[in-house]
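Chemist: Quick mapping for you: the protein sequence lines, in order, are chains A and B.
With the working numbering applied, the first sequence has no gaps in its numbers, which climb one by one up to 429 at the end.
With the working numbering applied, the second sequence has no gaps in its numbers, which climb one by one up to 429 at the end.
Worth flagging that the hints you see were computed from the coordinates, not collected in a lab.
Where a beta carbon is used, it is the ideal one built from N, C-alpha and C, also for glycine.
It cannot be assumed that every hint is accurate.
Said to hold, decoys possible - Facing chain A, from chain B, some residues (calculated, C-beta under 8 Å):
{"id": "1", "residue": "L123"}
{"id": "2", "residue": "P134"}
{"id": "3", "residue": "D136"}
{"id": "4", "residue": "R147"}
{"id": "5", "residue": "T152"}
{"id": "6", "residue": "D153"}
{"id": "7", "residue": "G158"}
{"id": "8", "residue": "P159"}
{"id": "9", "residue": "L163"}
{"id": "10", "residue": "A164"}
{"id": "11", "residue": "E209"}
{"id": "12", "residue": "Q210"}
{"id": "13", "residue": "V213"}
{"id": "14", "residue": "T244"}
{"id": "15", "residue": "A328"}
Said to hold, decoys possible - Simulated restraints, written as ranges between beta carbons of each label pair:
{"id": "16", "chain 1": "A", "residue 1": "R297", "chain 2": "B", "residue 2": "D217", "range": "49 to 57 Å"}
{"id": "17", "chain 1": "B", "residue 1": "L121", "chain 2": "A", "residue 2": "T144", "range": "28 to 36 Å"}
{"id": "18", "chain 1": "A", "residue 1": "L163", "chain 2": "B", "residue 2": "D360", "range": "52 to 60 Å"}
{"id": "19", "chain 1": "A", "residue 1": "P122", "chain 2": "B", "residue 2": "A128", "range": "21 to 29 Å"}
{"id": "20", "chain 1": "A", "residue 1": "R297", "chain 2": "B", "residue 2": "P253", "range": "35 to 43 Å"}
{"id": "21", "chain 1": "B", "residue 1": "S258", "chain 2": "A", "residue 2": "R119", "range": "17 to 25 Å"}
{"id": "22", "chain 1": "B", "residue 1": "D289", "chain 2": "A", "residue 2": "R304", "range": "32 to 40 Å"}
{"id": "23", "chain 1": "A", "residue 1": "L163", "chain 2": "B", "residue 2": "L342", "range": "27 to 35 Å"}
{"id": "24", "chain 1": "B", "residue 1": "G291", "chain 2": "A", "residue 2": "G296", "range": "26 to 34 Å"}
{"id": "25", "chain 1": "A", "residue 1": "P384", "chain 2": "B", "residue 2": "G135", "range": "25 to 33 Å"}
Protein chains: 2
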Amino acid sequence: MPDPRSGGPLVSEIGEAELLARILPLLPAAAAATTGPGDDAAVVGTTDGRFVVTTDLMVHGPDFRLAWSTPWELGWKAAATNLSDVAAMGARPTALVVAIAATPSLPVEALEQFAVGLRDACESLAPGCGVVGGDLSVSDTFTIAVTAFGDLDGRPPVLRSGARVGDVVAVSGDLGRAAAGLRLLFSKGVDDDGRPDAGRAAALRERDGDVVSAQFAPRPPIGDGVLAAAAGATAMLDLSDGLGLDASRLATASGVGIDLDLDALGPDPVLAIGGGEDHSLLATFPPGTILPGGFRRIGEVVASPVGAVLRDGEPLDPRGWDPYSGWDGAIG
Amino acid sequence: MPDPRSGGPLVSEIGEAELLARILPLLPAAAAATTGPGDDAAVVGTTDGRFVVTTDLMVHGPDFRLAWSTPWELGWKAAATNLSDVAAMGARPTALVVAIAATPSLPVEALEQFAVGLRDACESLAPGCGVVGGDLSVSDTFTIAVTAFGDLDGRPPVLRSGARVGDVVAVSGDLGRAAAGLRLLFSKGVDDDGRPDAGRAAALRERDGDVVSAQFAPRPPIGDGVLAAAAGATAMLDLSDGLGLDASRLATASGVGIDLDLDALGPDPVLAIGGGEDHSLLATFPPGTILPGGFRRIGEVVASPVGAVLRDGEPLDPRGWDPYSGWDGAIG
Chain A
98 MPDPRSGGPL VSEIGEAELL ARILPLLPAA AAATTGPGDD AAVVGTTDGR FVVTTDLMVH
158 GPDFRLAWST PWELGWKAAA TNLSDVAAMG ARPTALVVAI AATPSLPVEA LEQFAVGLRD
218 ACESLAPGCG VVGGDLSVSD TFTIAVTAFG DLDGRPPVLR SGARVGDVVA VSGDLGRAAA
278 GLRLLFSKGV DDDGRPDAGR AAALRERDGD VVSAQFAPRP PIGDGVLAAA AGATAMLDLS
338 DGLGLDASRL ATASGVGIDL DLDALGPDPV LAIGGGEDHS LLATFPPGTI LPGGFRRIGE
398 VVASPVGAVL RDGEPLDPRG WDPYSGWDGA IG
Chain B
98 MPDPRSGGPL VSEIGEAELL ARILPLLPAA AAATTGPGDD AAVVGTTDGR FVVTTDLMVH
158 GPDFRLAWST PWELGWKAAA TNLSDVAAMG ARPTALVVAI AATPSLPVEA LEQFAVGLRD
218 ACESLAPGCG VVGGDLSVSD TFTIAVTAFG DLDGRPPVLR SGARVGDVVA VSGDLGRAAA
278 GLRLLFSKGV DDDGRPDAGR AAALRERDGD VVSAQFAPRP PIGDGVLAAA AGATAMLDLS
338 DGLGLDASRL ATASGVGIDL DLDALGPDPV LAIGGGEDHS LLATFPPGTI LPGGFRRIGE
398 VVASPVGAVL RDGEPLDPRG WDPYSGWDGA IG
């Protein structure tokens, strides 16, 4: 977070026109846009006469804290998490619109770094995807609203509802690392009163940078969404609320059960199942499919109980696997 | 605003799944959606391989106050103002995504009424347009983020930059009525300390319902956007910041000046020029065009000064026409 006392202007000190003049050049262009930012609306081309759309809010407090995340990380994460929802449909991300309500005391430099984070995420995770429009407002609560678009290039979308008994259950991306980072931050990134502390978070970045990065700047396997669709994935979703809960959503939508192999979930299956914000892709493939990209087998689709997630054939009690139980979510 | 003590549950008292189960059935369906809400993303069809997109934030405080607006009006206005930006491109609105950050103490009934307002606005102003996705979050500041989509049906978009010297300047919709409503609310809809007062605002609704409605539930001439495009409009924009400022934006983008006929601006040209939030359509047409729909002539495109707005040939000093000068915008 740039220091508000460092001398640069605050959001409340320059007009909207100057703010846009500073931010717009930092944003990535979208290859598919035929009319970009600056008019009442943008115009974006599609290859097959359809577009994929998803929207997500990030609110200071419940979703992020400026004492912990840098503005660059916020921009990165705002892009990455929305791109991941597009990828989970089997689509190629093409464009974003970004609306920000900034606090009056936010340094303009923070919004510039936010824009650079957005750009870096697009360029790194979904080349060609860019920002085609947005809105700037002022609020007591720093709030970020991103809407992301994708192109299916003629393929059918991969829904949550297509898994069939006997399909292989596979995942691409991390399981539990973002949650490990958040657990670390809640236990050691806070001051003695339990409030997020920038200094202690910085120390954690030095020591445990990998899990802290997984939380603040996730790298979802965006390209694997299209690869999964091309390989015949029968169902897919973005893991945002933890493998256990999200797998049960896929199972419910498909009218099947899912049996996870505990051995395939890494060294900490508790976190792998209960941890949220992985933004990995969970997909099901017909038996015998050569799994594409970074997908690895973690289980199998079973007939019953419908909507249930099992581990090695035994019922999984979601509450028994909740790594957050006993935490005070209100702290910080 | 439903009374929080009326017995219905608050947002903080029911889970996200139950909240969605109550709200989703109230939302209008989009005729163009092939995959609607419920998956990671929606899929929307286009008729010509392109989509129009615009996004807008409404933040409690700067943009609305629950002591004044009903939740139904918020839903209506959130839809109407975004549909107007789509219309200003010459496009037909097809779909919306809506993200809401509600305060924990907001009655669930308020969100239901918000959804009904959204639905009524879509059905009334842009039949066939519906909600294809969204997000629900919690915040200390009630915040609404809407992204709207439109279809050009094969026509080129009508940009701000196409006005030519000699074109007729025309407007469809009200001028200054929304600002008159806001002025009334700021002067007589507040308590003795200048804070928005629900009781006094209710009295104003009784007496001056037309201008109060123009502010809280505007009825932009959405269909006139397509009619203007079909009639050959050379430039168009949505009047959100006042005719004077928005006309100068169109003039600057087009490299021309605009000369307004004072007589054509109604009984209160000050409010017509300075008032914001009209969400009327300002467009330019080649000379001799039979003006379509509700468009009426209010001036002419001139060669110079570039970017300037004149009235009857005399330079317009925007500050001299600001009906808000002297107000304390922070009050309320």
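Chemist: It remains to establish, for every hint, whether it holds in the given structure.
Modeler: Tested hints:
Of the supplied interface hints, the one on B:L123 is violated, with its beta-carbon coming no nearer than about 18 Å to a beta-carbon of chain A, more than 8 Å. Residue-level restraint check for B:P134 is violated (minimum Cβ-Cβ distance to chain A is 10 Å; threshold 8 Å). Hint on B:D136 holds. Least Cβ distance to chain A is approximately 5 Å, under the 8 Å limit. A distance limit of 8 Å between C-beta atoms decides the matter here; for B:R147 the minimum to chain A is near 5 Å, and the interface restraint holds.
Because the beta carbon of B:T152 sits about 4 Å from the nearest beta carbon in chain A, less than 8 Å, this interface hint is met. Annotation: interface hint on B:D153 holds; nearest CB of chain A at approximately 5 Å, less than 8 Å. Because the closest C-beta pair between B:G158 and chain A is about 7 Å apart, less than 8 Å, the hint holds. Contact between B:P159 and chain A, as hinted, is supported at the beta carbon level, the nearest pair being about 6 Å apart and thus within 8 Å.
Given the 8 Å rule on beta carbons, the hint for B:L163 is violated: about 14 Å separates it from the nearest Cβ of chain A. The beta carbon of B:A164 is not positioned within 8 Å of any beta carbon in chain A (closest approach about 16 Å), and the interface hint is therefore violated. For B:E209, the shortest C-beta to C-beta distance to chain A is roughly 19 Å, which exceeds 8 Å, and the interface hint is violated. For the restraint placing B:Q210 at the interface with chain A, the shortest Cβ-Cβ distance is roughly 20 Å, beyond the 8 Å limit, so the hint is violated.
At its closest, the beta carbon of B:V213 sits 20 Å from a beta carbon of chain A; the interface hint therefore is violated under the 8 Å criterion. For B:T244, the suggested interface contact is upheld, since its CB lies about 4 Å from the closest CB of chain A, less than 8 Å. At a threshold of 8 Å, the smallest CB-CB gap from B:A328 to chain A is about 18 Å, leaving the interface hint violated. The hinted range of 49 to 57 Å is satisfied by A:R297 and B:D217, whose Cβ atoms lie roughly 50 Å apart.
About 30 Å separates the C-beta atoms of B:L121 and A:T144, a value consistent with the hinted range of 28 to 36 Å. In this structure the hint that A:L163 and B:D360 lie 52 to 60 Å apart at CB holds, the actual value being about 53 Å. At roughly 38 Å, the beta carbons of A:P122 and B:A128 sit outside the given window of 21 to 29 Å. Checked against the hint of 35 to 43 Å, the C-beta distance between A:R297 and B:P253 comes to roughly 56 Å, which is inconsistent with it.
Taking the beta carbon of each, B:S258 and A:R119 are about 22 Å apart, inside 17 to 25 Å as hinted. Range check, B:D289 to A:R304: about 57 Å between beta-carbon atoms, so the 32 to 40 Å window is missed. Against the hinted window of 27 to 35 Å, the Cβ-Cβ separation of A:L163 and B:L342 comes to about 33 Å, which satisfies the hint. Restraint check, B:G291 to A:G296: a C-beta distance of roughly 41 Å breaks the suggested window 26 to 34 Å.
For A:P384 and B:G135, the Cβ-Cβ distance of about 27 Å falls inside the hinted range of 25 to 33 Å, so the restraint holds.
Going down the numbered hints, you'll see the structure goes against 1, 2, 9, 10, 11, 12, 13, 15, 19, 20, 22 and 24, while the others check out.
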